[in-house]
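According to the working numbering, the stretch in the sequence shown is residues 667 to 907, in order.
Everything labelled a hint here was simulated from the structure, so no lab data went into it.
Possibly wrong hints are sitting among the right ones.
Once the Cα atoms are required to be at most 20 Å apart in a straight line, the calculated SDA-like pairs of lysine to any residue come out as [what the hints assert, rightly or not]:
#1 Lys733 <-> Arg703
#2 Lys733 <-> Thr704
#3 Lys801 <-> Glu754
#4 Lys885 <-> Asp898
#5 Lys738 <-> Asp770
#6 Lys723 <-> Leu690
#7 Lys738 <-> Tyr748
#8 Lys689 <-> Asn902
#9 Lys721 <-> Asp708
#10 Lys785 <-> Gly707
#11 Lys689 <-> Arg731
#12 Lys885 <-> Gly759
#13 Lys885 <-> Gly791
#14 Lys738 <-> Gly791
#15 Lys723 <-> Ala855
#16 Lys733 <-> Ser710
#17 Lys785 <-> Asp892
#18 Lys885 <-> Asp766
#19 Lys733 <-> Gly707
#20 Lys721 <-> His802
#21 Lys733 <-> Glu720
#22 Lys785 <-> Thr704
#23 Lys785 <-> Lys885
#24 Lys801 <-> Thr704
#25 Lys738 <-> Glu749
#26 Lys721 <-> Lys733
#27 Lys785 <-> Gly759
#28 Lys801 <-> Thr831
#29 Lys721 <-> Thr692
#30 Lys738 <-> Leu709
#31 Lys885 <-> Gly787
#32 Lys733 <-> Gly759
#33 Lys723 <-> Asp879
#34 Lys785 <-> Gln884
#35 Lys738 <-> Arg774
#36 Lys885 <-> Gly760
#37 Lys723 <-> Ala848
#38 Lys689 <-> Asp892
#39 Lys801 <-> Thr872
In this text, all values refer to a predicted model and were calculated from it rather than measured experimentally.
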Amino acid sequence: MAGHSKWANIQHRKGRQDEKRGKLWTRAIREITVAARTGGGDLSANPRLRLAIEKAKAVNLPADRIKYNIDKATGNQEGVQYEEIRYEGYGIGGVAVILDTMTDNRVRTVAEVRHAFSKHGGNLGTEGSVAFQFKHCGQLVFAPGVSEDNVMEVALEAGADDVITDDEGAIEVLTSPHDFEAVKNALEAAGLVPEMAEVTMRADNTIDLSGEDAARMQKLLDILEDLDDVQDVFHNAALAL
Numbered sequence: 667m668a669g670h671s672k673w674a675n676i677q678h679r680k681g682r683q684d685e686k687r688g689k690l691w692t693r694a695i696r697e698i699t700v701a702a703r704t705g706g707g708d709l710s711a712n713p714r715l716r717l718a719i720e721k722a723k724a725v726n727l728p729a730d731r732i733k734y735n736i737d738k739a740t741g742n743q744e745g746v747q748y749e750e751i752r753y754e755g756y757g758i759g760g761v762a763v764i765l766d767t768m769t770d771n772r773v774r775t776v777a778e779v780r781h782a783f784s785k786h787g788g789n790l791g792t793e794g795s796v797a798f799q800f801k802h803c804g805q806l807v808f809a810p811g812v813s814e815d816n817v818m819e820v821a822l823e824a825g826a827d828d829v830i831t832d833d834e835g836a837i838e839v840l841t842s843p844h845d846f847e848a849v850k851n852a853l854e855a856a857g858l859v860p861e862m863a864e865v866t867m868r869a870d871n872t873i874d875l876s877g878e879d880a881a882r883m884q885k886l887l888d889i890l891e892d893l894d895d896v897q898d899v900f901h902n903a904a905l906a907l
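Throw the hints in and build the complete structure from the sequences for me.
Pasting the structure below:
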């Protein structure tokens, strides 16, 4: 089925993540720590840890650092205890924003999040205020030029929920979080390697922003992403910068 053009926004987001690759090490370590602590260090029995390690490798976190943090989380060493907290709010033009955080001090975190929203044109909402506009799902994105027929055949056979092609020819495969790993493995085994693959909060609809509003929204997103306790930022803005 056809869909809106998301390719430019995906490429823009990916580029900004690459610019912040050093900071992503901290987030990768935090995710590995929580995944290993909650689900154990056995990769075969802990899909969250497998995904966390894959993300860590994508940002070039050394293998010894990965192993050290798994051992630390599953051993008896004392360390920081992280708590996962989700915040919801609004950005420029009513854009919906979800922040997933890991923190050892929720008072500090909520104060920083609220300050960032209020200072840059948004506002922090209540639990559930925007989450209904998003779907928790697996998302794999292929660049324009990849065969839609091949992707669709492999993805649907492996258990994908939907395959969407946007106006620029980029292909988006959607899965349940549970089936994400199986679909990704099947696609890669068929030689179909996605540009982006993650379990995410995908917006049902987007809000188009351009000009000054787009720039202000990007500024807010940058500030939120730079907060030390923020792991992921999800939003429904389509930015024309």
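Results of checking the hints against the structure:
1. Lys733 <-> Arg703: The given pair, whose Cα atoms are some 13 Å apart, holds under the 20 Å limit.
2. Lys733 <-> Thr704: The given pair, whose Cα atoms are some 16 Å apart, holds under the 20 Å limit.
3. Lys801 <-> Glu754: Roughly 14 Å separates the two Cα atoms, so the pair holds.
4. Lys885 <-> Asp898: holds (16 Å)
5. Lys738 <-> Asp770: Roughly 17 Å separates the two Cα atoms, so the pair holds.
6. Lys723 <-> Leu690: holds (11 Å)
7. Lys738 <-> Tyr748: holds (13 Å)
8. Lys689 <-> Asn902: Between lysine 689 and asparagine 902 the Cα gap is close to 24 Å, so the pair fails against 20 Å, i.e. violated.
9. Lys721 <-> Asp708: holds (17 Å)
10. Lys785 <-> Gly707: Judged against 20 Å, a Cα distance of about 41 Å means the pair is violated.
11. Lys689 <-> Arg731: holds (15 Å)
12. Lys885 <-> Gly759: holds (14 Å)
13. Lys885 <-> Gly791: holds (19 Å)
14. Lys738 <-> Gly791: Distance of about 36 Å is beyond 20 Å: violated.
15. Lys723 <-> Ala855: holds (19 Å)
16. Lys733 <-> Ser710: holds (15 Å)
17. Lys785 <-> Asp892: Holds, because 14 Å separates the two Cα atoms, which is no more than 20 Å.
18. Lys885 <-> Asp766: holds (18 Å)
19. Lys733 <-> Gly707: holds (10 Å)
20. Lys721 <-> His802: Given pair lysine 721, histidine 802 holds - Cα atoms ~18 Å apart, limit 20 Å.
21. Lys733 <-> Glu720: Judged against 20 Å, a Cα distance of about 13 Å means the pair holds.
22. Lys785 <-> Thr704: violated (35 Å)
23. Lys785 <-> Lys885: OK: lysine 785 and lysine 885 at ~11 Å, within 20 Å.
24. Lys801 <-> Thr704: violated (24 Å)
25. Lys738 <-> Glu749: Holds - the C-alpha atoms of glutamate 749 and lysine 738 are around 17 Å apart, at most 20 Å.
26. Lys721 <-> Lys733: holds (14 Å)
27. Lys785 <-> Gly759: Answer holds: lysine 785 to glycine 759 is near 15 Å, not above 20 Å.
28. Lys801 <-> Thr831: holds (18 Å)
29. Lys721 <-> Thr692: With a Cα-Cα distance of about 12 Å, the restraint between lysine 721 and threonine 692 holds, given a limit of 20 Å.
30. Lys738 <-> Leu709: With a Cα-Cα distance of about 15 Å, the restraint between lysine 738 and leucine 709 holds, given a limit of 20 Å.
31. Lys885 <-> Gly787: Roughly 10 Å separates the two Cα atoms, so the pair holds.
32. Lys733 <-> Gly759: With a Cα-Cα distance of about 44 Å, the restraint between lysine 733 and glycine 759 is violated, given a limit of 20 Å.
33. Lys723 <-> Asp879: Violated - the C-alpha atoms of aspartate 879 and lysine 723 are around 35 Å apart, more than 20 Å.
34. Lys785 <-> Gln884: At roughly 14 Å apart (the allowed maximum being 20 Å), glutamine 884 and lysine 785 satisfy the hint.
35. Lys738 <-> Arg774: violated (25 Å)
36. Lys885 <-> Gly760: holds (15 Å)
37. Lys723 <-> Ala848: holds (19 Å)
38. Lys689 <-> Asp892: holds (8 Å)
39. Lys801 <-> Thr872: holds (13 Å)
Violated hints, listed in ascending order, are 8, 10, 14, 22, 24, 32, 33 and 35; each of the other numbered hints is respected by the structure.
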